[in-house]
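**Q** Chain by chain, the residues run as shown.
Number of protein chains: 2
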Amino acid sequence: MNIGIYGYGNLGRGVEDSIKRNPDMNLVAVFTRRNPDSLKIATENVPVVNASEITDWADKIDVLILCGGSATDLPEMTPELAKYFNVVDSYDNHSNIPVHFANVDKNATEHKKTALISCGWDPGMFSLNRLYASCILPDGADYTFWGKGVSQGHSDAIRRIEGVVDARQYTVPVEEAMDRVRKGENPEFTARDKHKRECFVVVEDGADKEKIEKEIVTMPAYFEPYDTTVHFITIDEMKKNHSELPHGGSVIRTGVTGKDDCHKQVIEYKLNLDSNPEFTGSVLVCFARAICRMAQRGDYGCKTAFDIAPVDLSATDRSELIAHML
Amino acid sequence: MNIGIYGYGNLGRGVEDSIKRNPDMNLVAVFTRRNPDSLKIATENVPVVNASEITDWADKIDVLILCGGSATDLPEMTPELAKYFNVVDSYDNHSNIPVHFANVDKNATEHKKTALISCGWDPGMFSLNRLYASCILPDGADYTFWGKGVSQGHSDAIRRIEGVVDARQYTVPVEEAMDRVRKGENPEFTARDKHKRECFVVVEDGADKEKIEKEIVTMPAYFEPYDTTVHFITIDEMKKNHSELPHGGSVIRTGVTGKDDCHKQVIEYKLNLDSNPEFTGSVLVCFARAICRMAQRGDYGCKTAFDIAPVDLSATDRSELIAHML
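Chains as they are written, first to last, in the working numbering: chain D, 2 to 327; chain W, 2 to 327.
No lab work stands behind these hints, which were simulated from the structure alone. Check the hints yourself; a few may be wrong.
One copy or any two copies: either way a pair holds, since identical chains are not told apart in the list.
Stated by the list, open to error - 30 Å max Cα-Cα, derived DSSO-like pairs, lysine-lysine:
no., residue 1, residue 2
1, Lys184, Lys107
2, Lys21, Lys41
3, Lys260, Lys241
4, Lys271, Lys195
5, Lys61, Lys149
6, Lys107, Lys271
7, Lys241, Lys184
8, Lys184, Lys197
9, Lys41, Lys260
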C-alpha cells in the first residue's frame, strides 16, 4: 500500500512513525508547502516534494494522509485533493463537520475517490465508542472526559497574550466527576464540574505576571468557564518538564436494563497516551488501509469511522482474525 | 424490524428487555422447546410458540435471535435455522469458532440469508476492541481481564460435585496485575497471576465440607490453575446475596510509538455490568439491526462483529450521527 504524507508537523511525523510499524505500508513521498530542502524526514530514501507538484503523484499513491490543521488547512485541502487521491484527514472542528463532509463527498464522488474525514481519537475512536455504546444501551447517557493532556488550542491562546514567551496548557479531568459517572449516578455537569485547566507560562523579563494571570483565567470560552491554575516557570523548566504532548481521556456510557431499570451497565473506553500526535497518526494509518480497500472495491465518496467495517483496518487475513481474535 | 427470540432463558429475557428499549424493533414471537403454555413472558400480546413450528414463521420475522447454549444447542441450531431466517447468535466456544463459522456460512450463503455468530461482549465487544487496538498499535500486547463476575460454567462445575446443592463462582481479576499492564510494563502472566476464583457453595446436611473444598480447588482447568477461595454458605445467604449475574472486565492494549519506541500508549475498554445476560442481549439486538440491513442489501453469508460497519448498528440516521456523534 503506497502512502503519501501531506504536511510534516507533529502529526505528519506521527504518521511516518506508524507507517514504519506496518509492513504492508510503504511511504512514497512527503509533501510540504515549505522549501523541501529545508526538511529532513526520519525515513531514508523517501523524497520530500513541494506541495505544488502533488498532482504529478496521483498514479503513485494509494492513499494520501493529510496532516494539516483544522482551522484553515483541511477545509480547503481535503476537498481539493479528493479530486486526485484517496484521502484521510483528522478534521476536528466538530460543529463544522457536516459542511466539511458535504464538500469532500461531492468531489470524491465525482472523481471516483474514497475519502475519510475526522479520524483520530476525538473525533475518531471516541466517536466510535460513543456510537457503539449508545446503540447497545439506548436508555443511558454519554460522558466524555479529556486529559490529563496538552491542549494545543489552549496553549496557543495563552501564547497570544502580550508578554508571554511560551505556554503549555493541560486539560485535567475532575476525578470525583469521573467516579460519580462510573458509579452510574447519571449526574448533570457544568463545564467546571468536569475539567480543570492547568497552565505553565514563560513570560518576558519584567512582564506583569498578575495582569497576565488575570487575562488567562478570565478569557471567555477558553478559561473562564473552568477552574484554572497558572504557574509561571522558566524557559529551562518548560523545555525540561513540558516538551512532550501527552493526552488521553475517557468515553463513558452508563445505561440501564432489566425490569424497572433495575440494572446499571457501564461501558468505558479509556486512552492514556504519551504522545497525542503519534497516536493520532497511528489511527490514521490503519484507517488508510481500509480506505485503500474500499476504493479498490469501488466504494467511493466521503466516509467517516462509522462507515468502516473493522475487518478492513487489519493487515491480518479475515479467517485468521476469526480464528484468533474473535 | 420484526424480531423473533429462540430460547427463553436468562439471555432470551435479556433480548426481550432490549427490544422494548428500541422503538424500531418489534418482538413477533418467542420460540421454546418447552411446553409453550408453561412459559409466561414479559411482553404482552406476543405468542409463545413451540420450536417445532418455527419454519411457519419464516415470512414474519426479519431476524431471529438464538438464545441457546454454546455447548450443544448453537452448533446444531444456528446452521439449521440459517436456512430459513437471518440469525444472530452468541456462540462463545472460542476454539471452535472457525468450524461453527463454516457450518453457518455454508447454509446462509446457499439460502440467501445473513447470519451473525459469536456476538455479545466476549466474543463480541471485547473482540472488536482487541481488533481496533491491535490495528492502531501493531507494536504492542493485548491483555484481557474478566470480572468481577459470575461464571456460569465454573458455577455448574461445582454443582456437579456430590453433596453440593447450589454454587456461585466469581471470577476476580488481580488488581495488581491490571495496574502493571496499565503502566505499560508489558508483563508476562500465568493464569494464576491474572485471575482469582471465589466460590460460594451450599452443601447438603452432613456433607464433608473439607472433601468438597479439596475437590473444587484441585479441579483441573477450572480451578487448579488459580488461587481459589471456597465459602460455605446457607441457601438463604445464596438467595439473598448471590442471585444476580454481574460481570465485566477489561481489554487493555499497551503499545509503543515514536523514535526508539520512546512513547507508551495505553488503550482500555472496560465493562462493569450489573447483569451479564441483559447486556449480552442488548448487544445482540443492536447487531440484529445491522444484520437486517445487510440482508436487505443482499449481503448474505456468515458475518462476525468484525464485518459490521458501526453505522448499521444505529437506529439514528447517518447524517444525524455525523452531525452529532462524530
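**Q** The structure should be examined with respect to each hint, and the outcome stated for every one.
**A** So, going through the hints one by one against the coordinates:
{"no.": "1", "hint": "Lys184 to Lys107", "in the structure": "neither (45 Å within a copy, 45 Å between copies)"}
{"no.": "2", "hint": "Lys21 to Lys41", "in the structure": "within (16 Å within a copy, 59 Å between copies)"}
{"no.": "3", "hint": "Lys260 to Lys241", "in the structure": "between (56 Å within a copy, 18 Å between copies)"}
{"no.": "4", "hint": "Lys271 to Lys195", "in the structure": "both (16 Å within a copy, 20 Å between copies)"}
{"no.": "5", "hint": "Lys61 to Lys149", "in the structure": "neither (40 Å within a copy, 52 Å between copies)"}
{"no.": "6", "hint": "Lys107 to Lys271", "in the structure": "neither (35 Å within a copy, 39 Å between copies)"}
{"no.": "7", "hint": "Lys241 to Lys184", "in the structure": "between (38 Å within a copy, 22 Å between copies)"}
{"no.": "8", "hint": "Lys184 to Lys197", "in the structure": "both (21 Å within a copy, 24 Å between copies)"}
{"no.": "9", "hint": "Lys41 to Lys260", "in the structure": "between (63 Å within a copy, 15 Å between copies)"}
Consistency note: the structure conflicts with the earlier hints numbered 1, 5, 6.
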